[in-house]
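Chains as they are written, first to last, in our numbering: chain A, 1 to 353; chain B, 1001 to 1306; chain C, 2001 to 2291.
The hints are simulated quantities; they were obtained by calculation from the structure and are not laboratory data. Note that the coordinates shown come from a computational prediction; the quantities given were computed from them, not determined experimentally. Every residue, glycine too, gets a C-beta built ideally from N, C-alpha and C. One should not assume that every hint holds.
What the hints assert, rightly or not - Covered stretches of chain B (chain A as the covering partner; in silico rule of three or more C-beta atoms under 8 Å from a C-beta of chain A):
#1 1151-1160
#2 1261-1271
#3 1283-1290
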Amino acid sequence: MSDTLVKRPPNLIGSRLGRHARSLGGILASIAFTFLGLLCITFVIGRVIPIDPALAIVGDRAPAHVYDRAREELGLNLPIWQQFFIYVGQVLRGDFGTSILTGRPVMEDIARVFPATLELATLGIIIGVVFGVPMGVLAAVKRDRWADQLVRVIGLVGYSVPIFWLGLVGLLIFYARLGWVGGSGRLDFFHEGIAPTITGVILIDSAIAGEWDVFRNALHHILLPAALLGYFSLAYISRMTRSLMLEQLNQEYIITARVKGVSERRVIWVHALRNILVPLITVIALSYASLLEGSVLTEIVFAWPGLGRYLTNALLAADMAAVLGATFVVGLVFVGVNLLSDLLYRLVDPRAK
Amino acid sequence: MSGSAPSTTWRDWLLSDRPQSATQARLGQAWLSWRAFRRNRLAMLGLGLILLLLIVAALAPWISPYEPNVQNLRLRLQPPSAAHWLGTDELGRDILSRIIHGSRITLYIVTLVVVIAAPLGLLIGTVSGYFGGWIDAVLMRVTDIFLAFPRLILALAFVAALGPGIENAVIAIAITAWPTYARVARAETLTLRRSDFIAAARIQGTGSLRIIGRHIMPLCLPSVIVRITLDMAGIILTAAGLGFLGLGAQPPAPEWGAMISTGRAYLLDQWWVATMPGIAICLVSLGFNLLGDGLRDLLDPKRRGG
Amino acid sequence: MTPPLLQVKNLRVAFRGERGEVPAVRGVSFSLGREKLGIVGESGSGKSTIGRAILRLLPESARITAQRLAFEGQELLELPPQAMRNLRGQRITMIMQDPRFSLNPVLRIGDQIAETLRVHGVGGRGSELRQRVLEVLSAVQIRDPERVYRAYPHELSGGMGQRAMIAMMLISDPALLIADEPTSALDVTVRREILAIMDRLVSDRGTGLILISHDLNLVAGFCDRVLILYAGRVVEEIEASRLQECRHPYSRGLLASLPLLERPREQLATLQRDPAWLEGPVYRFGQEVRE
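Excised from the complex, chain A in its bound form (with noise of 0.2 Å):
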């Protein structure tokens, strides 16, 4: 009996978590990487490029003892590494500074307009593949039948036209003409401050809460906006999925399933498109993140007061801090997302593990 515990080897993390280990070390260490990268560009863009960054931060109607005060905090005497270094340090307390449009931390302003945009994007890219993979698997399994010209049109569509003007012309068609849906905003006026906030998500809140007349009302107005969002998801992503379920069916082992006799249906639904879901991952991953940017022009389309209508405001009044603490936020997301998916894909692929 001792012999074999002798003979066992000493550690059995060795292999299997230690390999995890490692590789969850690298991407650590290629997020910590890739957000100093992210800081070092806005600070670029907030600090660098233009010629007072203080004048940039406190707006050009500031009294003279705040632009001064503006300048030490922004330590504009010290070489740029050290206000590198206390940017970053900034940022890692959370502390983006104040807006000078709203006067309140940019940090408190991101928090408050975030969930907006995270309900309409979630929501966008939920239609996006709901209707998309289906779409995209259709049109590789009828190929060049119109069924798959059908959903090449709709795909091209989505590449060629801005996505302002649609949602433009969605409002007109489908709002002012048909009045199928709700307007601007997410709410009705008479709507507002009924449901109490506690995601920030009206659609959740107001459904915790049983406001169910809030609920419609929110609905009937994320309705366009979540469609727009969800075209252009399901754009791409049926594109995606046509191609990557074209190159499956060539397979070799495709045939092999028809030789045993499975069904066409199974053929395409279990043996090929499991064989896409890790990049199909990928896909819907960059999905996501690009919706974050159609967003931006849908929230002023719709006048969503979302995370893109808080930038694109401070763009306008130029309002820098608010600027930059938007955009590193985006950034992150999209980094976040892409590493969601890394994650996801290692849990699917079996040939990761």
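Chains B and C: place on chain A using the hints.
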């Protein structure tokens, strides 16, 4: 063979099995590619749309019915009619004329962005791919960080720092565009790097930069060109987005995105003011997308439909 | 008299291309009982196409015609798709060349093997099915069937993957097994083993086998009868034991170009192709026939 030789048309010359010079061979290849491209109807449509854009932009002052900036407040917000095919805007300016002149702005932006971003991306991509090692690691990190931001948002941030205006918009968009081209160039370079002819050049003692410039870059060019064409729509849409936000060409310039923005106030009743410029944007983007798809199919026929 | 397992008469397959039809199989005829038939040919001779035509797994651009293409008396070309799907996997199966590509990379081996039975609703469920899979894995001489059951294709070597493939295609005890270049992607050292496994299983169960290969030696050593294919036609049919007596110039050329230890030569003979072979007479069991 005695007797009179059959007269050779230029087509025979191009398709000849025994080209007499490199130029003839290259032209022959180009002709064959053109023939294959011509068979793709959608790609031809794309080409047609782009040619239309170029012609309209070139001949703008002559083909537009009115001056784009002439105001006529008595005729403001007129619906499309025989006198004003696409109607008039809030200052009585003819929308069709403004769209025609706006095509020049669009072309200007797109061309400048490509002229700036493409060489930059090509250079960084090929250098990164060829040398590998820490140069590659560093350059790719930088590229990744730029790609970490959604394009429009990064462009917005740059414009915020630089100030609004068409030149700044161009710079901002170019800064967001080069990473994609760098990636494509690098991918191509990685494949080419191991080729025998590169090894041969190295043995001959050719310097690295020369190899990159004379051998690798020209071979990367087709993929990069396809990528650029496919990207054009994105550039146009980003530029329109910036214009919509008032950050591109400043009024009274007839930039399409800005026109949509001003038209927004009158959307419900005078829908044409905001809608027409959008259709122009759609057509141009569509044209580039179709053209790009066609070019890509040409480069890699195995990927047809992919 | 029971009908032969497979009867093929004047099988023709043509592929629709951009410039008209390209013939791949031009009037192939043979019959098969519970024996081992080898089909030998070079690339482009149409040999793989025959296998897929029998299973009716050719792409849509293919046009199949035949005077007879009968399996156990049933005309395959007249069967509705559902009936054909019933035959596949249960009565006729096919082993393919490279297990790296012919096995689904994201499904476990055990599941893939069990699927052959499951899609046809046989073999029971749960542990009963699992037991059958483990049994067939042992039958192909896999020493640790449990491990392989749970494994993914990329975790197996080429030889083991091909054994899993054989298991997958024999678990339902088919009447006809088509093996399309089953050893071409394997190391030379592993080939004999795989063939030996196939030989034993096929003999034990009385399965009809069609072995498709470009390797004349392999086929001759393994099969009872050999068909030599050239440009989509059978140019010679002969018993494997009498292969040295083949008569068609192409067959003789093939034989002559094989390097042999017993007959060392300065230069290996190369085949001189004669366009007459495309339409000329062929040889069946030593007799010249015109087809």
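Against the structure, the hints come out as follows:
1. By the rule of at least three residues with a Cβ nearer than 8 Å to a Cβ of chain A, the coverage given for the stretch 1151-1160 of chain B holds, with 9 such residues.
2. Check result for the stretch 1261-1271 of chain B against chain A: holds, 4 residues qualifying (beta carbon to beta carbon below 8 Å, three or more required).
3. Residue count for the stretch 1283-1290 of chain B with a Cβ under 8 Å from a Cβ of chain A: 4. That meets the three needed, and the coverage hint holds.
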